[in-house]
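Start from chain A and add chain W according to the hints.
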Amino acid sequence: MRAGLAHAWTITKKDLRSELRAASAVITMVLLGFLVVLVFSFSTEAGSKDSALARSGVLWAAFLFPGLLAVGRSFESEKEAQCLEGLLLCPVDRGAIYLGKLLGSLIFSFASGFLVLIFFTVLYDVGLGLKWLALLGVMFLVAAGLAAVGTLSAAITAGVRARGALLTVLVLPLLVPLLIGAARCSVVLLGPEPWNGLGLWPVFMAIYDVLFMAVGFVLFDYVVE
Amino acid sequence: MPAVEAKGIGFSFGPLRVLRGVTLSVERGSVLTVFGPNGAGKTTLLKILAGLLRPSAGAVRVEGVELSEDPAAFRKLIGVISHYPYLYPQLTGRENLEFYARLYGLRQPKTDARDMLETMGLSSAMNRQVSGYSRGMLQRLAVGRALLHGPRVLLLDEPFTGLDHEARENLTALLRTLRSDDRTVLMTTHDLDGGLDLADRVAVLSGGSLVVDLPAAGLDPAGFLALYDEAVAKGRALATGGQARERGRVGERGRS
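Line by line, the protein sequences give chains A and W. Just so we're aligned: the first sequence equals residues 16 to 240 in the working numbering. Just so we're aligned: the second sequence equals residues 374 to 629 in the working numbering.
If we strip away everything but chain A, and leave its shape as in the complex, we get (with noise of 0.2 angstroms):
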């Protein structure tokens, strides 16, 4: 257990250098989250009757499209070379190298979705405080449910040649209850509505999110053989 979290540990921080070293990658998918948000800030109204509502969808478009970005770009870097079957001829769980792979993805899609909130924090005059940290908290469980199933749709997705549109297509459908989730939390987290408007809605995000990273943990040794 200690060995495999150690492995999955060394598999995380590999791939974070790896990716920080290729800045264009990370740097395309800030500035992409930046331009949605700033593209629809031309569109929504502040303070009209549907602005949480709005404000909401904006969020998370801004959120998913570079966090998409960043776990198609979790096995671009094993593609390169043929890195993955070096990865897999070492004596590693290859529910260790999942781990790894997951947390590299999670790390760099919620550090893109916190640049992006702090964006559309300034740009859509939301108010900072305890509702801003729980809108935090909200993203971290969508960006751990985008990392669990983009983990193991882009291990499948890797040998295809039209990967991209593929991670997508796999992708986007098993996240919809996970983003309802995410849109309701954030109405009421944006909006006027009371803290107890949130519901259960962020325990459904966590039982989500730990049931698809069992899933990919108990699947990644079939999809990568």
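Heads up, a few of these hints could be off.
[What the hints assert, rightly or not] If you want the footprint, here are the derived chain W segments under chain A, 3+ residues with CB under 8 angstroms:
| id | segment |
| --- | --- |
| 1 | 407 to 415 |
| 2 | 424 to 430 |
| 3 | 476 to 488 |
| 4 | 580 to 589 |
Everything labelled a hint here was simulated from the structure, so no lab data went into it. Computed from a prediction, not measured in an experiment: that's the story for all the values here. All C-beta atoms, glycine included, are put in the ideal place defined by N, C-alpha and C.
Leaving out everything else, chain W in the frame of chain A:
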């Protein structure tokens, strides 16, 4: 006990039978070269021996260990040098070896990586990103990666492809050293000169069947070339016959 033992290995991609009951054994401290034309199944055989692919039939033992019994012990026994270096272009040579050293559970990953870089003559380039390495440097680093954990068995897939004369000579010298160090080498190639030069035994894989397996002593390149052509034709005939029999069986099933 042989270092590598494969019994009745079969492998199919859907209806295509790539390997048909391949049986081979390699004695400890010896070199077996498996020759064969393109598409003979050499890379598939090597991937099965390395534990990257599961065979449809048969079993593989390395130093008496079967993959399903103890995957980690099996993988620690093997080092693989492929067409691909398995190195991350954005990482430096040192970072690449340290990464693999950690995954192989070496006690001193930093020291072991540094020592291996020195052995491979790459000390001066160890802090450069691998994307800036020449083909020869990449090959040396790939060999270093494969030997880092001290594997007892080395599997090489077309190791001479794309190497210049000097890099070829260096690789040949290294493989000789490994043999004298009691390590076992199994190499697949269609390079007759390079493959024959090192081998203790030679085998020919054609049409998914191992049609020749004999000692290399006394074989000269010209004589082996004639034998090789004959063996390739025999393997192809076996594969074609097998397919025809298979089609016949399907036809009979269709009529009944």
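Taking the hints in turn, this is what the structure says about them:
For the segment 407 to 415 of chain W, the stated coverage by chain A is violated: 0 residues have a C-beta nearer than 8 angstroms to a C-beta of that chain, whereas at least 3 were required. Judged by the Cβ-Cβ criterion of 8 angstroms, the segment 424 to 430 of chain W is covered by chain A as claimed, because 4 of its residues qualify and three suffice. Only residues whose beta carbon comes within less than 8 angstroms of a beta carbon in chain A count, and the segment 476 to 488 of chain W has 3; three or more means the coverage holds. Proximity of the segment 580 to 589 of chain W to chain A, defined as three or more residues with a beta carbon under 8 angstroms from a beta carbon of that chain, is not established by the 0 residues found.
Violated hints, listed in ascending order, are 1 and 4; each of the other numbered hints is respected by the structure.
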